[in-house]
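Last residue of the sequence shown? That's 293 in the working numbering, and every number before it is there in order.
No lab work stands behind these hints, which were simulated from the structure alone.
Listed next, the in silico EDC-like pairs over lysine to aspartate or glutamate satisfying Cα-Cα at most 20 Å (straight line):
hint, residue 1, residue 2
1, 120, 201
2, 120, 197
3, 120, 214
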Amino acid sequence: MSPDNPDPERHVDDADRPAPPSGAAPAEGASAVPPPAAPPPAFDPGEGPAATAYPGEGPAATAYPGEAELAPDEPRRPLRTVTTVLGVVVALAVLGAPLGLLWAVLAPDTPVLKTAEGAIYADPQPEQPIAADGWFSLLGLAFGVLAAVALWFLLRRRRGPVGLLGAVLGTLAAAPVAWQVGRRVGLATFDRLLDSAPAGQAFTKPADLRAGGIDWLLGVVPVPHGNLLLPAFGAAVTYTLLAGWSRWPGLRPEPDPAAFSWVSAGTPAPTAAPEPPAPGAAEPPRG
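All chains should be modelled from the sequences, with the hints used to inform the complete structure.
This is the structure in structure tokens:
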């Protein structure tokens, strides 16, 4: 018995072998010194649950919110881009119809008199045609601003040149639609009175534009001018300002880097593997 070996029947160099019960003799032919135990496998940080502790590596990359923003952008397909732009143009052109109805309600009709040569203004210098142009300009500018803001938030994944192109072309298509729809409200009644009313009868002419219209390039391509361009102008300026004031360089929302850490809060830290006892170490006392 020694201070390093409290068990008198256990060899001092055999630290990992349990002591035999008192009074029992070792079997014949058995080796007095067992082979050393194999060391535990080294911990590999790339395997097991600990692999989820590092963002962007292994299968744990899908465990973080916002991985779509962190991943590189996929190449956009030209067909999908063209489809998006055409869809925006059609949607805004359809919205031009209620815009024209609103303009027809707000713009005042112009009083006219029937003569042998046709209809003339009842007032030599009427203010109603100017008011009609003013209302169309204000409504068209507001329509372009609202369209740009709506597209900015609805088409987050298409922010940039695609969204700007869709906003400009869509508002360019909506302006003539609004003009034609608005000017035709009450136009049938005006034409009927112009043909059948006696000379000297007073009636009204529906609102129309004098500061804008459409010219035909080569007789095929329509080219709007005047206040028909104000919706596209408002959309282009608003969309450009939104892009310039964006806090993200890619114009799309990105996750806050401070919200991520190298170790996930929901992943427990790996426990350290117990070290093997050194040769000759004293065995802890047993109860």
